[in-house]
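Q: Sequence:
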Amino acid sequence: MDMHMSPRVLIRTLQMALGGSDVVCDIVVRIALPERDPVTGGDFRVLVEIGGFDELYSRHVHGVDELQAFLAGCWLVPQILNALAPPGARLTWLGEDDLGFGASPAAAIPA
1 MDMHMSPRVL IRTLQMALGG SDVVCDIVVR IALPERDPVT GGDFRVLVEI
51 GGFDELYSRH VHGVDELQAF LAGCWLVPQI LNALAPPGAR LTWLGEDDLG
101 FGASPAAAIP A
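FYI, the working numbering numbers position 100 of the sequence shown as 100, with every residue one higher than the one before it.
Hints listed in this document are in silico derivations from the structure and should not be mistaken for laboratory results.
Every residue, glycine too, gets a C-beta built ideally from N, C-alpha and C.
One thing to keep in mind: the hints can contain errors.
[Stated by the list, open to error] Restraint-style ranges between C-beta atoms, simulated for each label pair: (1) 41 x 15: 38 to 46 Å; (2) 40 x 18: 20 to 28 Å; (3) 40 x 86: 37 to 45 Å; (4) 57 x 8: 37 to 45 Å; (5) 93 x 56: 17 to 25 Å.
Could you build all of it, start to finish, from the sequences and the hints given here?
A: As structure tokens, then:
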């Protein structure tokens, strides 16, 4: 399925610069809008896809409601990117290190 054609997918394109090189490539993050999990008794899920590395990363992220599933997907993206990016790579969005996916849920709670 071509995710670019679906209006139910949010897309963000990041840039990845490889350390010690002038090579810059696009990393495309797609987060589908929440849907009911088809598993009996399931809650909600979003499909997270990340392209631009050697292999496409694709995984459903779950939540008890639509908002939790979507926020969990957004929170998970930077964690996945850190695991997929080669050592020394720098990921940016609009020229900034903040990739714009929000903070960890725990970081949002004041102490």
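Q: Hint by hint, note whether the structure agrees.
A: Right, here's what the structure says about each hint:
1. Our hint of 38 to 46 Å for residue 41 and residue 15 holds, since their Cβ atoms are close to 41 Å apart.
2. Hint check: residue 40 to residue 18, Cβ distance near 45 Å, so the stated range 20 to 28 Å is violated.
3. For residue 40 and residue 86, the Cβ-Cβ distance of about 41 Å falls inside the hinted range of 37 to 45 Å, so the restraint holds.
4. Judged by the Cβ atoms, the range 37 to 45 Å given for residue 57 and residue 8 is violated: they are separated by roughly 19 Å.
5. For residue 93 paired with residue 56, a C-beta distance near 20 Å keeps the hint of 17 to 25 Å intact.
In the structure shown, a violation is registered for the earlier hints numbered 2 and 4, in ascending order.
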